[in-house]
Amino acid sequence: MACLLCIVTSLYVYLVNTAAWNGIRWKKAGQEVAQRATQVSELETRYLSLKKSVTLSRAYALGFEDARAVRFIETQKIGAVARATDI
Numbered sequence: 004m005a006c007l008l009c010i011v012t013s014l015y016v017y018l019v020n021t022a023a024w025n026g027i028r029w030k031k032a033g034q035e036v037a038q039r040a041t042q043v044s045e046l047e048t049r050y051l052s053l054k055k056s057v058t059l060s061r062a063y064a065l066g067f068e069d070a071r072a073v074r075f076i077e078t079q080k081i082g083a084v085a086r087a088t089d090i
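In the working numbering, the protein residues as written are 4 to 90.
Simulated from the structure, these hints should not be mistaken for lab results.
Just so it is clear, the structure is predicted and the values come from calculations on it, not from any experiment.
Where a beta carbon is used, it is the ideal one built from N, C-alpha and C, also for glycine.
Be a bit skeptical, because a hint or two may be false.
[Stated by the list, open to error] Label pairs and their computed distance ranges (CB to CB):
| # | residue 1 | residue 2 | range |
| --- | --- | --- | --- |
| 1 | V73 | E45 | 34 to 40 Å |
| 2 | S44 | G66 | 43 to 49 Å |
| 3 | A23 | E45 | 32 to 38 Å |
| 4 | S13 | E45 | 46 to 52 Å |
| 5 | R28 | R61 | 30 to 36 Å |
| 6 | G26 | V57 | 43 to 49 Å |
| 7 | L65 | A40 | 30 to 36 Å |
| 8 | Q42 | F75 | 35 to 41 Å |
| 9 | L59 | K31 | 34 to 40 Å |
| 10 | R49 | T78 | 33 to 39 Å |
| 11 | L51 | F75 | 29 to 35 Å |
| 12 | A64 | V43 | 27 to 33 Å |
| 13 | A62 | G26 | 52 to 58 Å |
| 14 | I76 | T21 | 55 to 61 Å |
Using the sequences and the hints given, assemble the complete structure.
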């Protein structure tokens with residue numbers, strides 16, 4: 004009986020300890036997610052401000068020119084597309 008009590012007590016201590024460590028890890032993961040969300044928000048704000056600053060006159064000022072001859076690349080289509088009636 005004493006051996007069973009020792010095993011049950013040890014199992015209880017192990018499970019409580021595991022739950023506590025998982026709680027700590029969960030809290031750290033939540034903090035990291037919040038930190039990453041802040042970084043993403045800052046990058047999105049920066050991206051949008053840079054996107055608004057791109058204009059045709061700015062491109063000319065930076066040395067970009069209009070394309071004289073526009074060429075498109077032609078490739079063979081890979082695969083097939085099935086129509087809704089073919090399925």
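The hints, checked one at a time:
no., hint, verdict
1, V73 x E45: 34 to 40 Å, "37 Å, holds"
2, S44 x G66: 43 to 49 Å, "33 Å, violated"
3, A23 x E45: 32 to 38 Å, "34 Å, holds"
4, S13 x E45: 46 to 52 Å, "48 Å, holds"
5, R28 x R61: 30 to 36 Å, "48 Å, violated"
6, G26 x V57: 43 to 49 Å, "47 Å, holds"
7, L65 x A40: 30 to 36 Å, "33 Å, holds"
8, Q42 x F75: 35 to 41 Å, "38 Å, holds"
9, L59 x K31: 34 to 40 Å, "48 Å, violated"
10, R49 x T78: 33 to 39 Å, "35 Å, holds"
11, L51 x F75: 29 to 35 Å, "30 Å, holds"
12, A64 x V43: 27 to 33 Å, "31 Å, holds"
13, A62 x G26: 52 to 58 Å, "54 Å, holds"
14, I76 x T21: 55 to 61 Å, "57 Å, holds"
When held up to the earlier numbered hints, the structure conflicts with 2, 5 and 9 and fits the remainder.
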